[in-house]
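There are 2 protein chains.
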Amino acid sequence: MSLSAELWPDVQPDAARRLMLAAVESFARRGYHATTTRDIAGAAGMSPAALYVHFPSKAALLFTISRSGHEQTLGLVQNVVATSAEPAEVIRRVVEDFVAWHARRHLVARVVQYELAALPEREYEIVADLRRLIENTVREVITEGVRAGVFQVRDPRMAARAVLSLGVDVARWYTSRNRTTPDELGREYGELALRMLGAAVPPVE
Amino acid sequence: MSLSAELWPDVQPDAARRLMLAAVESFARRGYHATTTRDIAGAAGMSPAALYVHFPSKAALLFTISRSGHEQTLGLVQNVVATSAEPAEVIRRVVEDFVAWHARRHLVARVVQYELAALPEREYEIVADLRRLIENTVREVITEGVRAGVFQVRDPRMAARAVLSLGVDVARWYTSRNRTTPDELGREYGELALRMLGAAVPPVE
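Those protein sequence lines, which keep their order, are chains A and B. Take the first sequence: its letters are residues 1 to 205, numbered as in full-length UniProt numbering. Take the second sequence: its letters are residues 1 to 205, numbered as in full-length UniProt numbering.
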């Protein structure tokens, strides 16, 4: 399977995915505003006219990348919530998956997390709704854990933000030359997040 | 005192500081690569020629902003380390100051943290040395805390990165419309960081 098919299995045809991958690489390297549709088409080995067959504008490309990234991370959070009712177990697995996603797809994640301000207003609102869903889901799990006495947290909203922040920031510093694999990093951060929430974590041997 | 004098008290004359502030605003809004020296000079109410009196290039402006930001954050870390020998107390105050700095100066901090890749190679190395000093200082405090039995941490390097990550990511999401003040956020995060390191923190009442 190609990298772009792995990143965006739901996007068809392959040419659209190749344009998205070229856009991610260009945006991550030079920033959204300094990248032209001509740059993106060229990096994907296409003509500018071929790009417009798949995306009406550079903003449409950014929106597709951003929405897909948010849907994917929301999906993994909801997936964990659906399969466990134990707040500590849910937080551990959410952080594991969320962190590993941001490490494994760090270039995509950088565009997803750092180019929000470049989205047009309507598209921004759609993405902001997905972000709120992610934050609210995590906050509800934390609130439930506080109620059940497994977490010690004063402000679940701030705690949810801090837990997600840990994962988001991985996209900034992680590179493929890192010695820690995405899964290892996820496991370590899962434990750090649980401790942060005041959960009883077995002491380090 | 003007905002630019508050941000860069060591930079003289005022015109240089005004150019730095205009650069921060332009870089934060459109990214480094999409900003021209003409944009920056215009935003500071100067001619491009007047800019070159103070900075030989756009890269020199970015470097001055980046180095200053790293020196300031290194300074606050070293300042705490110099005034306390108790690892838990040091981490709490380092996180309080580091987080409050990133919230209060979130636009400057965004440029400092997210435009590293745009620095020319030699300038990048100088900034990378400052980053290593910050990380190493925090890691040593954590290692000392583990030795003293006040922290429970398997990998002090990863823990140091996670602690700083929490602070850095504040620059991404914090805005002046936030209900939590930089100091309040610092205090909350100081406690979250201590818990993350397995320190005994009094339970939430």
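Because the hints were derived from the structure by calculation, they are not lab data. Check the hints yourself; a few may be wrong.
[Stated by the list, open to error] Now the stretches of chain B that chain A is said to cover, found in silico as 3 or more residues with beta-carbon under 8 Å:
{"id": "1", "segment": "22-34"}
{"id": "2", "segment": "61-73"}
{"id": "3", "segment": "83-96"}
{"id": "4", "segment": "130-140"}
{"id": "5", "segment": "193-202"}
Being a predicted model, the structure only gives us computed values, none of them experimental. Every residue, glycine too, gets a C-beta built ideally from N, C-alpha and C.
>> Between the segment 61-73 of chain B and chain A, are there enough contacts, at least three residues with CB-CB distance under 8 Å, for the coverage claim to hold?
In response: violated (count 0)
> Are three or more residues of the segment 22-34 of chain B within 8 Å, CB to CB, of chain A?
Replying inline: Coverage by chain A holds for the segment 22-34 of chain B (6 residues, Cβ < 8 Å).
>> For the segment 83-96 of chain B, count the residues whose Cβ lies under 8 Å from any Cβ of chain A; is that count three or more?
In response: violated (count 0)
> Counting residues of the segment 130-140 of chain B with a beta carbon closer than 8 Å to any beta carbon of chain A, are there 3 or more?
Replying inline: violated (count 0)
> Do three or more residues from the segment 193-202 of chain B put their C-beta atoms closer than 8 Å to C-beta atoms of chain A?
Replying inline: Three-residue rule met by the segment 193-202 of chain B, so holds; n is 6.
This entry does not satisfy hints 2, 3, 4, going by the numbered hints stated previously.
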